[in-house]
Amino acid sequence: MNKNVQEKPPVLKSWKQLYTFVFLHLVALIILYYLFTIYFN
Amino acid sequence: MTQIDWIVLFSFLVFVAGYGIWKTRGKKNIQEYLLANRSTPWYTVTLSIMATQASAITFLSTPGQAFVDGMRFVQFYLGLPIAMIILSVTAVPIFHRLNVYTAYEYLEQRFDLKIRALGAILFLIQRGLAAGFTIFAPALILSVLLGWDIRMTIFMIGGVVILYTTSGGTDAVNKTHLLQMLIITTGMLSAFIMIFRLLPPDISFLDAAHVAGKMGKLNAITFDFDWRDRYNIWSGLIGGTFLALSYFGTDQSQVQRYLSGKSVASSRMGLLANGMVKIPMQFSILFIGAMIFVFYQFTMPPLVFNPVVTDEVKSSPYAEQYNQLEQDFQTVHTEKQQGIRNMLDALHGDNPAQLESSRQELMKMRQSELGIRENAKSVIAQANPDADINDTNYIFLSFVINFLPVGLVGLILAAILSASMSSTSAELNALASTSVVDIYKRMLKKQASEKHYLIASKVATLFWGLIAIFFALVANRLGSLIEAVNILGSLFYGTILGIFLVAFYFKRIGSSATFIAAIIAEGVVLASYQFTEIPYLWFNVIGCVVLVGIAVILNPLMGRK
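Chain order of the listed sequences is D and A. Heads up, the first sequence is in our numbering, so the first residue is -14 and it goes up one at a time. Heads up, the second sequence is in our numbering, so the first residue is 8 and it goes up one at a time.
Just to be clear, a hint being listed does not mean it is correct.
[Unchecked claim] Covered stretches of chain D (chain A as the covering partner; in silico rule of three or more C-beta atoms under 8 angstroms from a C-beta of chain A):
(1) 4 to 10
(2) 13 to 25
[Stated by the list, open to error] Listed below are several chain A residues computed to face chain D (Cβ distance under 10 angstroms; list not exhaustive):
(3) 75
(4) 79
(5) 117
(6) 155
(7) 157
(8) 226
(9) 270
Honestly, the hints are just simulated from the structure, not real lab data. Don't be surprised by glycine CBs; every beta carbon is placed ideally from N, CA and C.
Turn these sequences into a full structure, and let the hints guide you.
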């Protein structure tokens, strides 16, 4: 793996953490929108 | 439109074109022209990716989609963050390591020239048509609602884009995207605030949301699986992931955005930030549509939002029939207002039984209103069989023109033109790159100076700009515009994605098996579109799975070649 690929992300400590964060953000959005749907429906 | 609106609109057009040309002058080679010298910071990559995806159709059609069908369209984007993660892990490091200009260049390194050519040609056909549509869609709506000449609008949008994209290349596209996203965000935010100011004073934000929700417009997440249903969480997560993988991983108009990133980290951050921001952005636009729906529960809407077809039917022998429907519509609308207030009283009084009965009553009135609208559309179709009876795309702009204050109309129109120009410029830029790098430089003129290829890239940008204008001038109506664009993409994306998946993950599969599998997969997708009722999001999955499956089966027979 070259140096460019090993470069750290500008936020969080590693790419793995950032990917997990993006995925959890998606899960949170789905839960939030689901609650939004049932609350107003 | 008032003089102030025109000043706002034209100031913006002149400023964007001038800014794009001035900030990006003096490009000396195609590395600078097509990849902005690989120097773009991650936040510019993010905004550029978002601006490329957000065409004018997004802002014109999406609120109307919520008005008609509720907010469930947001599920279409649920696969996007997953795709952004997959691409960040796989495609981005490979593209950067190989130092490619286009995604298709990689295919030659992995397979051979014919697969590269196939990928490039599928892209040129699909994106070449879509570029015309990107200009045509807003031009059509602006011409119908504002009485602008459609050809003048097409030439205005196309001309400005050609000017700065030809002049400054990728750098101009990225830099103008920043400006365009700023205008788009300001415009949509202003519209959002204004809707609440225009609601009756006794209707609060929560009341408005309850009205929209109880009338079925806030159905953002639906878990019921139905193969024929276009938008539910399953089609969004599965079909949406495949579509986003195809669009962001294999469509040069997006690949070029993150290839211009100054490092792997910039490109990855651009994609991941887009994955986080895109869904809330679409949710907000759909919510605007749902709130316009609420606004029109308290203000009489037109029976059909397309004024041209309405005027036509009113001057036809069907005028009396149509006028009667308008009167019926008005009567039901007035009764419905009382029904809404009864429902809100029950809600405020915390009376669930009364709330449910008033909601049922309201839905009955809504159904009879929808019935009148359907009758009106069939009367329009009888008066003129060629009339465009789908008025989804006219709802938002009709609201803007008729109810927003002076100045803000110009700003929203500037936002819509921004969106159109941002997508078109990225498309022209990508079409030019693919034409020059994958076709001209690779197959027709291999040895020439940097200056020669730079000029060829500018000529290609101009050529595709003129082709886009030509297609825009001859384009036809195709139902909901945002759906038409996505359907067109889905017809080709599955196959292209399948090729890239084989390239990335099936190292033993050779070129011949992939090539034949691609031809068969494309045939299956086109046949599915023509002869089945399968919703278009699944075409991405079908094309991709068929290609990979056939390539796996054929490979032992054909070997690594």
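These are the hints, each one checked on the structure:
no.	hint	verdict
1	4 to 10	holds (count 4)
2	13 to 25	holds (count 8)
3	75	17 angstroms, violated
4	79	9 angstroms, holds
5	117	18 angstroms, violated
6	155	37 angstroms, violated
7	157	37 angstroms, violated
8	226	6 angstroms, holds
9	270	6 angstroms, holds
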